[in-house]
Amino acid sequence: MTLKAGDKFPEGVNFLYIAYTPEVADVKACGIPIPLDFDKEFGDKTVVIVSIPGAFTPTCTVNHIPPFVEKFETLTSKGVDAVIVLSANDPFVQSAFGKVNGVTDESFIFATDPAAEFSKSVGLSVDLPPAMGTRTARYAIIVSKGVVKYIEKDAKGVVGSGVDAVLAAL
Amino acid sequence: MASTISLLCARNTIRAPTARPRCRMFHASGASKVVAGDKVPTVPLYGSSPGDEVDLAALTKRGKSILVFVPGAFSPGCSARHVPGYVSLAPIFTSKKGVSGIYIISGNDTFVMNAWGKELGASNQVKYLADPSLKFISALGLDFDATKFFGNKRSKRAAVLVEDGTVTKTWIEPDNTGISISEAKNVIEEL
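These protein sequence lines are chains A and B, in that order. The first sequence runs 1 to 170 under the numbering used here. The second sequence runs 171 to 361 under the numbering used here.
Simulated from the structure, these hints should not be mistaken for lab results. The structure presented is a predicted model; accordingly, all values stated were derived computationally and were not measured. Any given hint could turn out to be false.
Unchecked claim - Covered stretches of chain A, as calculated for chain B (at least 3 residues, CB under 8 Å):
id: 1; stretch: 48-57
id: 2; stretch: 85-95
id: 3; stretch: 127-141
id: 4; stretch: 145-158
Think of the CB as a built atom: it goes at the ideal place given N, C-alpha and C, for glycine as much as any other residue.
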């Protein structure tokens, strides 16, 4: 990866997401995808980005994301303003994944990195042919006021990108 | 004679476009749209996992099957109306119309399709298949550029009747994503 702790977070990063509202609470109801302008929304905040290769895949669903959901309040008590779960799945899938994980907080966002573009640009994408194509790797980044404070990629399993490692780094 | 011919030609051009004979024009995105007479592509789809290759051409070689194409799992029309219609009418498709299998196909990966199937109701009658590279969908000319909402190409919304391995009827939504002719309650009437 080409990004490391101490670097400025790249400018102009845009994701796509569907904002959670009570109207679309049912997994079978849907909102409309809108852009998430990272600089604009989080330029002066502390954000944890957790990236997963695929929504609804075994590890992500069972091991990686639920602990972040369980410890969300611990994260916010340590100064985290928002958690963004990122994957290359489309916003509808990401939104459903968030609902299935029981997330209703508007600061816990399930977003799309379209075509894994941002992740690719910092060397954090992974190719998983033939059935999954190019995806975002499993990683976690802590960005505070536009500066990368922590960045860890896991080639296997959930270690540096897990919630405990992230909490320890805050 | 000449005047009669020119009168006929003039009449032809005034008629609605659907009255003109079907012609296969060059289609910028690849294969031309599936029509009756086409065979089911032998391109593999994926079932319960990325390693579970499904040969739909083989599965639909005998009997009646309905292939339902959707732009995206968990997206508005697909989840709220389109696929649920097929899930709830599946028993009627089977018992009254002799359909042996209903296959829901989309450009999502297998994990997403399986999770979606669990939410909407999979069964012996309704199976969810993934075409993540869109090879199967584009072989039938059903792909369209859905970058704005989905980030890539996806399938048009459509239903296709296959009898003994050959397409016999198609219901392709004219605006790609609306739900009208390809809705289960419409398709079942026309079987």
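These are the hints, each one checked on the structure:
Here the stretch 48-57 of chain A counts 4 residues with a CB under 8 Å from a CB of chain B, which clears the bar of 3, and the coverage holds. Residues of the stretch 85-95 of chain A with a Cβ under 8 Å from some Cβ of chain B number 7, which satisfies the need for three, so the listed coverage holds. Given a C-beta distance limit of less than 8 Å, the hint that chain B covers the stretch 127-141 of chain A holds, as 5 residues qualify and 3 suffice. Counting residues of the stretch 145-158 of chain A whose beta carbon lies closer than 8 Å to any beta carbon of chain B gives 0, which falls below the threshold of three, so the coverage claim is violated.
Consistency with the previously given hints fails for number 4 only.
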